[in-house]
Amino acid sequence: MIRTSELTIGYTHQLLTVDNVQLNTSELYFLIGKNGSGKSTFFKTITGSTPCLSGKVLLNKQNVSSIPLATLPTVVSFVGPHFPSVDFLTVEQYVGLARTPYTNQFGRLKDEDHKIIQDCLSIIDIVHLKERFVTELSDGEKQMVAIAKALAQQTDIIILDEPTAFLDYSNKTIVLNILQQISIEMNKCIIISTHDIDMSIELGCSYLVVNKNKKRIQLVNSPVKKEVLLALAF
Amino acid sequence: MTTLVRHRLILTGILLLTPAIAALHLFVGQIHLSIDDYWNGLFSFDKSSVNEIIARDFRTPRLLMALIAGACLSVVGLMMQTLFNNPLAGPYVLGINSGSSLFVALSIMTGVPFFASDFGLIINSLFGAFLFGLIILFFSRIVRTQISLLLIGLMLGSFISAFVAFLQSASDAQELKVFTLWALGSLQKVDFDQLAYIVPIALTGIASTFFIVKPLNALVLGEAEAKLLGINIKTTRLIIIILTAILTGLVTAFCGPIAFVGLAVPNLVRILFKTQQHLTLIIASVLIGSIFIVLCDILIQLLEPYFMLPINVLTSIIGAPMVILFILKRLK
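Chains as they are written, first to last, in this note's numbering: chain A, 1 to 234; chain B, 235 to 566.
You may find that some hints are simply not true.
[Said to hold, decoys possible] So the derived list for chain A, only partly shown, Cβ under 8 Å to chain B, looks like this: (1) Thr47; (2) Leu69; (3) Leu72; (4) Phe78; (5) Leu89; (6) Thr100; (7) Gln105; (8) Gly107.
By construction, these hints were calculated from the structure, which means they are not laboratory data.
Every residue, glycine too, gets a C-beta built ideally from N, C-alpha and C.
With the hints as constraints, model all of the structure from the sequences given.
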């Protein structure tokens, strides 16, 4: 669960204010807004990469700024917009890196970790990709692998920055449906930033909208109408 | 065959190959030595036996320096490639060796007796490597692309070369000779007694790298992702730069700047093992790096009757084309 309280975000000067919102587990939220409106900054703030300018963010009732760096990845996982292109890194090794916050000093994976990795690969239905190098994956497969990695991190909160950006129509549908399914069945709180408004609206989720006039992020609960979203955000 | 089994097989293979090649190295010199000469030279040294002197004071240090230089430079190259997310990084191309060179040049040519001592030489070399490690780290925070960082490294190298050339023109013939011989690189400048501290420093440095296997594995994804996985980036960066300074500085102080080993060996290792698991990569870099330099030195000894080939010249002759091959392969 994520709660924000009197939150303002930005780097040196204030970019946006955020309404006091509560985002629950078992729910999927979409974050929409113009290019450069501060969506990524919002994500960086709630994942603890960038400090809050004022106010606070609570992740599972803990203030994000007071969670130690080493345990933060056990609370929130983040899937960035760019999939790393690294030579000789297999899908299995890549997903295994999600276990980093749980392993010992030498990063050795235990049997339990291997089982979690296998489980996550089978939940996303990509067990067949595990021996493949990440550089050999298609864009759709990359996104699936990135989601499997986020799952292997075993966090209540998963944040994805434009996971559908480079995908074709069918892959967009698959990715969004899988994420919704995960949020419900595995009790995750998932936030996705996207520009695919038409497609996302079919899932019937709530929206976080960067209000273009008020420089503010507000929560629009489901059911939402596309016209309302467009009027607020664009 | 699973990946793990394949890795263990290759590792066992090179683990067996290393002592075999090392043994070969001991017996290729122009003067033939027997096993007894080595045994006696090391354990019941008789100063009147020429063969034992050669075994103890020339061949053994030369072999150990070859092993150490290869292992240290390769591990450093591996760490830098991972830290900077750049397969073409290495202590030589990023100007770390040059940093050592500059301070060694200063120490040789300033004429201050402390600087010219062994201890002064190491300290200067370490300091130069550390300073230029910090400089390249600073630039890596600013520039965004891999190529820019390499170009900056090369420019630092040129800048230092110019500065060193200036120092050379201002120094006397004796100093010039000492520095020039040092700069060509040699595995023969170490005597038996110096090994007493060179070996422990090198082994400690290499062993320390095993403690940063976990951060290195995560750093493969880039600093931002590694940080999101809970890795303390600042500490890791500092540890890598310190280890780089110690290992590069040590080797450079005694063997001169040895080019391309740190760049080429980790790339060879990655191609051979097809993995990003740094435990495997470190062990393999140590072994293959050692084998590489020992083989180079065997070749040098075989060619000795005809001409003297400095180690730095040979590693450049082999290493530079290899690097061009890597670049071509990546651009395809």
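Verification of the hints:
no.: 1; hint: Thr47; result: holds (7 Å)
no.: 2; hint: Leu69; result: holds (6 Å)
no.: 3; hint: Leu72; result: holds (6 Å)
no.: 4; hint: Phe78; result: holds (5 Å)
no.: 5; hint: Leu89; result: holds (5 Å)
no.: 6; hint: Thr100; result: holds (4 Å)
no.: 7; hint: Gln105; result: holds (7 Å)
no.: 8; hint: Gly107; result: holds (3 Å)
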